[in-house]
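> Chain by chain, the residues run as shown.
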Amino acid sequence: MAFWIIQTLNGLSFSMMLFLVAAGFSLVFGLMKIINIAHGSFYLLSAYIGLTILRMTDNFLLATIIGSIVAAVVGIFMQSLFLRRFHMKELQQVLLTFGFVFIIGDACLWIWGGAPFSLPKPSLFKGSILIGSVVFPSYRLLVILVGVIIAVGLWIFQEKTKYGAIVRAGVDDEEMLRGSGINIQMVFAGVFGLGALLAGIGGIIGGPFVGVSPGVDMSMLLLALVVVVIGGIGSLKGAFVGSLFVGLVDNFGKALFPELSMFTLFAPMAIILGIRPEGIFGKMGE
Amino acid sequence: MKPAELIKGKFLLILLVVVVIMLLPSLVSNYYVGLAIQIFIMAIFAMSLDLLVGHTGLPSLGHAAYFGIAAYGAGFLYLAGMKNLWLAVFIGMGLGGLTAALFGLLALRALGAYFMLITLALSQVLWGIAFKWRSLTGGDDGLPGIGRPEMGMGIDLRSDPSFYYLTLAIFVLVFIALFILVNSPLGCALRGIRESESRMKALGYSVWLYKYLAFVFAGIFAGISGVLWVSYSGFVCPTYLGIDNSAKPLMMLILGGSGSLFGPSIGAGIIVLLENIVSGLTVRWSLILGIVYVVAIMFFSEGISSIIKRGH
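Here the protein sequences come in this chain order: U and F. To convert a position in the first sequence, counted from 1, into our numbering, add 7. To convert a position in the second sequence, counted from 1, into our numbering, add 200.
If you are wondering where the hints come from, they were derived from the structure by calculation, not from laboratory data. Just so it is clear, CB atoms sit at the ideal spot from N, CA and C, and this is done for glycine as well. You may find that some hints are simply not true.
Distance condition first, Cα-Cα at most 30 Å in a straight line; then the derived DSS-like pairs of lysine-lysine [claimed, not checked]:
1. U/LYS96 x F/LYS401
2. F/LYS401 x U/LYS261
3. U/LYS133 x U/LYS261
Listed next, the stretches of chain F that the computed footprint assigns to chain U, with coverage defined by at least 3 CB atoms under 8 Å from CB atoms of chain U [to be verified]:
4. 219 to 232
5. 252 to 261
6. 466 to 476
7. 493 to 501
Based on the sequences and whatever the hints tell you, model everything.
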């Protein structure tokens with residue numbers, strides 16, 4: 008029993024971290040049809056910056072704020088100075104973000120070196136707590152809580168606010184939105200920045216248990232890809248359900264059938280691609 | 201210049217290029233012969249992708265799948281002691297074509313950015329298998345020590361100049377095959393689909409079938425490049441199936457100009473030379489390469505060949 012509880016909670020905390028990364032990837036694609044290969048680079052950059060701030064101040068909240076804001080600023084910079092010029096030219100956009108993967112990845116390697124690090128946990132959540140008869144690290148519970156809070160916040164933003172309505176309108180019919188006098192460039196830059204911010208938060212939150220090292224940018228991109236293919240791209244609900252699925256399946260797969268761990272991640276994605284290429288909650292437009 | 205002089209000048213230039221290519225191994229050292237081999241192999245890879253991107257308007261972000269699966273196929277074959285190059289090329293074409301035939305069924309249901317996403321996801325499935333199935337593929341370490349194959353006819357492929365002429369011959373054959381293909385009624389139909397799918401449908405063309413054929417042909421030709429790459433380098437690893445190797449030929453098409461005769465080869469030349477020169481100059485080559493990519497797309501995304509054309 009204890010095994011199941013611990014593995015479920017581990018899986019859920021991994022899911023919530025994944026959700027932060029995948030939600031941004033999905034939002035950006037949904038609105039701008041950009042496959043942002045550099046999405047994992049925001050995770051990488053933010054985690055490294057968080058590491059430096061934690062070494063200087065030991066303040067986890069400050070590290071989260073600064074790390075994710077730097078990621079957001081870099082994202083807005085990428086969108087407004089580069090991607091903007093190639094609106095609806097998928098090929099150029101993908102290759103631009105590909106260039107940024109090299110730039111950000113190598114700059115981080117230059118500054119922080121090639122050794123893997125894991126971020127120290129915030130001091131309040133270093134211990135474990137007792138749930139029934141199971142001892143569980145309290146930090147993992149914090150991650151689940153933060154993930155759920157951000158998911159609810161994003162849902163409220165998207166469904167209940169004017170800005171959320173603008174973004175939804177842009178996903179459905181960008182030309183009409185332009186026609187109704189909305190400055191679409193601001194919306195694009197804002198959503199791109201939000202996506203980078205979320206990935207940045209993911210980088211810090213995941214830092215203590217996923218860690219940060221060169222290459223983690225591409226593995227995060229790959230996980231986000233699996234999540235959005237399963238859940239359906241462009242949909243917040245899809246990113247949430249997809250993250251839950253991938254986080255839990257990956258965790259139980261590794262624990263129960265370590266030698267089959269390749270299938271636990273890729274087989275569901277291949278099956279979904281075969282039977283429902285738009286994903287569980289996705290819509291497939293042009 | 202008068203038109204007649206222009207044609208004469210162009211003819212002389214082409215003649216010069218052909219002579220240099222034919223005599224290359226006796227003009228330069230083996231290092232540069234190696235670079236030329238890489239350029240020709242990558243040019244085949246880029247041309248195969250151009251069938252989709254330039255001629256049919258399908259921006260695939262998973263073309264490494266066919267290169268990689270053919271490379272692994274050839275690698276396994278060679279390691280099993282069957283070192284016949286022609287058999288490997290044949291199997292590589294089959295593997296590339298079959299994989300494309302399967303992936304095409306799934307990917308061709310989508311368009312534009314969704315098509316890119318699905319082709320990327322499918323190629324990543326293969327990457328995942330190659331990466332994690334250590335007992336078969338060696339995982340991250342790949343399959344080293346494969347060694348050059350044999351091709352019979354008394355030619356020893358272990359010498360780089362011989363391998364160069366082999367690659368050149370296969371490049372010319374692929375070039376001619378693709379030239380015939382894109383100028384056939386099939387090629388015209390593909391360009392029609394690129395320009396307007398709905399009109400082609402209205403004209404009674406089975407658009408899906410034509411796209412599917414282009415997809416499978418692209419996989420077959422990419423398979424040839426994968427087999428040649430393993431035969432040359434003697435090594436396979438999951439990177440061959442990775443996103444880098446899917447983005448690289450796209451970069452070649454963007455730089456060289458897609459949908460054109462020599463564009464993909466020019467792009468392949470630029471990228472291979474750039475990678476080798478920059479990585480020889482500095483340890484920060486990855487940073488420099490990224491900057492070059494970004495700058496190149498910002499300023500030359502119509503293709504170098506289109507700039508040359510504009511100059512005339």
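> Confirm or reject each hint.
Here is how each hint holds up against the structure:
1. U/LYS96 x F/LYS401: 24 Å, holds
2. F/LYS401 x U/LYS261: 48 Å, violated
3. U/LYS133 x U/LYS261: Distance ~25 Å between U/LYS133 and U/LYS261 Cα, so the pair holds.
4. 219 to 232: violated (count 0)
5. 252 to 261: holds (count 3)
6. 466 to 476: violated (count 0)
7. 493 to 501: With 5 residues close enough to chain U, the hint holds.
Of the numbered hints stated above, those contradicted by the structure are hints 2, 4, 6, listed in ascending order.
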